[in-house]
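Protein chains in written order, with our numbering: chain G, 2 to 389; chain X, 3 to 336.
Hints listed in this document are in silico derivations from the structure and should not be mistaken for laboratory results. From a predicted model like this one, the values you see are computed outputs, not experimental measurements. We treat Cβ as the ideally placed atom computed from N, Cα and C, and that holds for glycine. A portion of the hints provided could be inaccurate.
What the hints assert, rightly or not - Rough simulated footprint, nothing fancy, chain X against chain G, three-plus residues with beta-carbon under 8 angstroms:
| # | region |
| --- | --- |
| 1 | 260 to 270 |
| 2 | 295 to 307 |
| 3 | 329 to 337 |
| 4 | 359 to 373 |
What the hints assert, rightly or not - Far from chain X by the CB rule (all over 12 angstroms, computed), these chain G residues:
| # | residue |
| --- | --- |
| 5 | E46 |
| 6 | R156 |
| 7 | A352 |
| 8 | R355 |
Here are the chains, one letter per residue:
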Amino acid sequence: MRRLLSLLAVGCLGLLVGAPAAFAQGATTPPPVQGLTLFTRFPSEEVALGDAISFPLVLRADSAQIAQLSLRDLPKGWTATLRGNGKIIQSAYVNPGEDASVDLRLDPPKDVASGTFKMSVVASGASEVALPLSVMIEQKLPPSLEFSADLPTIRNAPGSTFTFNTTLKNAGDTDLTVNLVAQAPNGFDVKFSTAGQDVTSLPITANSSKNITVAVSTPSDAQAGSVPIQVKAEGGDISADIALTAEVVGTSKVNLTTPDGRLSGDAYIGASTPFTLEVRNTGSAPAKGITVSASPPAGWKVDFSPAQIDSIPPGDQVEVTASVHPADQAVAGDYVIGFSARPAEGSTSSADFRVTVLTSTLWGIVGIGLIAVAVAVVGLAVMRFGRR
Amino acid sequence: MLAQPSKSAAATVEAPATAREGSPWTGLWAVVAKEMADYLTSTRMFILELITVLTAAGTVYSAAQQLRTTVGQDQFLFLRLFTTAQDPLPAFVGFLVFLVPIIAIALAFDAVNSEFSQRTMSRLLAQPIYRDALLFGKFLGGLFTLSLVLSTIWLLITGLGLLRLGVPPGGEEAARILWFLLLTIAYGGVWLALALLCSIVFRQPATAAMTALAGWLFFTIFWDILAKMLAQLISPVRIGTASELIAQAQTQMALTRISPNTLYGEAAVGLLNPAVRSLGLVLPSQMDQAVPGAPLPLGQSLLVVWPQLTGLAAITILLFALGYVLFQRQEIRA
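Construct the complete structure from the given sequences, taking the supplied hints into account.
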């Protein structure tokens, strides 16, 4: 840098003293050569199969001349193209003190085998020079996909989403666009995502891998058991499979309601009124050992038949009759009774039942009877004391 | 001036059934019509009606005024017209408790004794009318007049409510209002029968009026105090246990229910407030898990107030029976 600066300073000084002389001296940057020279910086290349091969060639000469360019010992089936300024050329004009650049492009045949190929570029002008080149072609790896999962089997409850973390590796030397296909039973929805985005196809560059999340949402009424899920990654002619297993854990879910869904009713004081309840298993496994109980107001009696249910298969229901006997001291109007069904395992289901207590009309009849007695008294008085 | 005084005097006690000829109700409706005509044209009635109508209009107007501003959503808006009080006016029900007895007493305190003092009784019974029919007619005439006045007031209130609130009463409300009218007539009947009894017992109308009013005053003011003192005597609280306190409260409640005013007040609350579930003493254990404020159906409300309603009707009939017996045994040749 400093040299360049000092050179520039010298040049400026020279410009002041004798401009033509200084100018002539500054243009002759390339060192003087003897005759014609042909070179390239990296004459030996190693390329992969199918890759383009090109060499940037440089021509240099001490006198102006036209250099004819040709190739010698070109392997069979190869084609060579020389380009200058983007055009196909056969010769180049070389000015002294000025480099001429030529690009050599080599196209091996399609069925080329791996190995080292040697050839020379010959430039013949005033003199003839040869530049030996060597190309080493390496055999490419065949394209292949590897699909793997950290945890290929997951246990979860029905209705939840099973999330598998998988890795898809492109082990070949070719970039691939991979389509993802899943085979799952009806009702199971499979979604693929990578880096937080839902995808169905994705590019994978050669020799790299991508993490793919396979999310399987299960229906809430899925039966307990192992559900096989086949995931296939297809890219071009090749594909990779992975077998994932969603182990649906059966749960029982007990739901207490009434056959018509109505949670209210009337009950008379001093009498037992039957109410029909329904214990429904909305889960995916049989509910076992269900106890039906009530939290009635003080003094009330509630009996169940049956009070204990051994087992309810999934999706089935059992009717329970609750006979409610309001307390004798209960006042007319609405009361709340809490009914609950408690399975041996799992959560309790409860329902608040609104009971409208009705007083019997017996006392009303008694009142009418009292009035009748009073009227009878009047009637008796009329008969006894009636007079002219 | 009776047609056959000797025969009737002899046959009264021995064989009353054989002494009677024809129905005792002959001429009943003639007496009722005459009595009603007398009542409705009298100045006394006009003044009483004026007071009642003014009271009704005033209380209901102010109640509607308050309902319009305060009550947004109420299932039983019309019933509130009767029970909403706004300072300084009490609720319409509160007025009825002491207005109805006064009207009833004013109607009947001179029903029988004025016939004696005007010397028209003998002349009246010279007609082919039994004493039974005369007394029944006088009572029914008073009761019908009272019913007429009360029905008019009820219609007035409903009309005012429609105008001021802008909503018609629902079927349940209308039924409750009608039952309340019936209850009020039964309450008026008690005082009517009492005043009739007084007019039979006392020859002076002033004495009869004073006695009936004394009875009204007694039940309105003193009976509650007396009932409390009597309850403390009958069921004293010695240690202060809950059962002793409950027993005393129940005794006191039973004693106050002798008063027709209490019966009427309780029944009115039960009919006009559907949320009332019991009129007696309610223990907390009885209201365990009860839904507060849930309205009772009309049938259940009626069952709640049925003892009060039938009680009032029974008191009326018994008082009338007593008056009837006394009247039948009275010497009317004066």
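message: To test your reading of the hints: which numbers does this structure violate?
response: 1 and 8
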